[in-house]
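Chemist: Given next are the chains, with one letter for each unit.
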Amino acid sequence: MTKKIQITLNGKKTSVEVQAHRLLLDLLRDEIGLTGTKEGCGTGDCGACTVLLNGKPVNSCLILSGELDGAEIVTIEGLKIGPELHPVQKAFIQDGGAQCGYCTPGMLMMSKALLEENPNPTEEDIRFALSGNLCRCTGYAKIVQAVQDAAVELRRMKTEG
Amino acid sequence: MRRPEPLEIFQPASIREASAIVKEKGPGGRFLAGGTDLVIAMKEKGLSPKYVVDLKRVPNLSGICEEADGSLTIGALTTMREVETSPAVCKRFPFLAQSAAEVGSIQIRNRATIGGNMANATPSADVAPALLALEAGVKIAGAAGERTLNLGEFFRGPGQTAMLPEEILTAIVIPAAHPNLVGEYIKFSPREMMDLAYVGVAVALVLDGKKRCDAARIALGAVSPTPMRAPKAEAVIEKQILTEELAQRAGDEAARECKPISDVRSSAEYRRAMVGAMTKRALLNAAERPGPVAWTERRERRY
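Residue numbers (our numbering), protein chains in the order written: chain A, 8 to 168; chain B, 6 to 308.
For the record, the hints were derived by calculation from the structure and aren't laboratory data.
Each residue gets a CB set at the ideal place from its N, CA and C atoms; glycine is no exception.
Mixed in with the good hints there might be a few duds.
Said to hold, decoys possible - Dumping the calculated BS3-like pairs for lysine-lysine here, alpha-carbon to alpha-carbon at most 27 Å: (1) K244/B <-> K10/A; (2) K10/A <-> K61/B; (3) K20/A <-> K30/B; (4) K30/B <-> K61/B.
As the list claims (entries may be wrong) - Residues of chain A clear of chain B, computed beta-carbon distances all greater than 10 Å: (5) K63; (6) V65; (7) L71.
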């Protein structure tokens, strides 16, 4: 069954023709061409497909397109602030928070969501928030460090307005 | 990973409309809440519903409300993350909030709903033992109007509930609780996160100043075809002073009462032994250190 839906994707209102059973992940990657969002396990365990749906991090591999009329979606392609990389992106680069990079888009989306909710997280808060994002390369130490550094930078940006 | 088969999706704006769609379209459809069980079943188990009725557009099915009579109503479409972070739940029943926080990841909990989890009737559902220990009821709506059941009568077997196909779970109701009620939920699993419970134990106690147990509720997950109460273990501690020795005896009784199976996660014997140990631990934790705890402490206090 195809259905016309309106979504706001990375800040832009768009109207797309979708098949109801198509996964949001496939809609993004195969129909819209935003391939930054990755598929890992396909069952909601690894977090590689994390996007923000109405402001909240979710697994795009478990969402049917037919549910999405009116939804606001932000993917890794929408993370930049104007021409600048988002502080979490910069911190992951600076701290070596990415190795093979496959989990990175999901890690970044989850980290952005965490820092919006909790601008000053402890290491344990970060590990709790990222427990649904698996990385097989880094051992997580540099990812946690990157989120902490991004938190510092975001707080600095906020105080400087 | 395989993809869901083509299907028709409906987004009714009322319960009546949702029931009517199921009546008209007949068998082979499924209700959709958060989709974290349903979509996985489509991908992993080859479930291919002819049609799906998405309940997320029905108004008033989500949210947490403290009622005038002291009860707490949790709408069926309230997400696990909302239960976990709700000020009302955290204040009144921190162990229920904690049990919701044990489910999957934040991404999963932003989608998974408490009603979907109950309607799916998985024996290992983390919030089920906490809700059973709080003697929660469920509101069910259908063509003939609304009815209420105790959660204990609602579960009928793995994946089986007392609902008719066109009926919809609308809310969980937790009756007014004694002001001195304390509780604890322990999820026993060798991983800290992202695992199903090998054993889940929830306790809710009403204790007086001398640790005399005026009321006791003990509920177990993942050790029988449905989440279950352990009435014989409850009887061991009711009207008694809670000591370590008594908690041990209650644990032994709960271990005898449960009906675990052996599966990929654990043998039945191990589950039974862990029911004993975790019941004892949960009773002592509830009596000594009730209240919300960070996940790092939660990890430690299982042992």
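Chemist: It remains to establish, for every hint, whether it holds in the given structure.
Modeler: Each hint tested on the structure:
This hinted pair does not check out: K244/B and K10/A have alpha carbons roughly 61 Å apart, beyond 27 Å. Pair hint K10/A plus K61/B holds up; C-alpha atoms about 17 Å apart against a cutoff of 27 Å. Of the pairs offered as hints, the one joining K20/A and K30/B is violated, with about 34 Å between alpha carbons and a cut-off of 27 Å exceeded. Simply put, K30/B and K61/B have alpha-carbon atoms about 19 Å apart, close enough for the 27 Å limit, and the pair holds.
For K63/A, the requirement that its beta carbon stay farther than 10 Å from each beta carbon of chain B is not met, with the minimum near 4 Å. Listed as a non-interface residue, V65/A fails to keep its Cβ farther than 10 Å from every Cβ of chain B; the least gap is roughly 5 Å. At roughly 7 Å, the least C-beta separation between L71/A and chain B is not larger than 10 Å, which violates its mark as non-interface.
Of the numbered hints listed earlier, those contradicted by the structure are 1, 3, 5, 6, 7.
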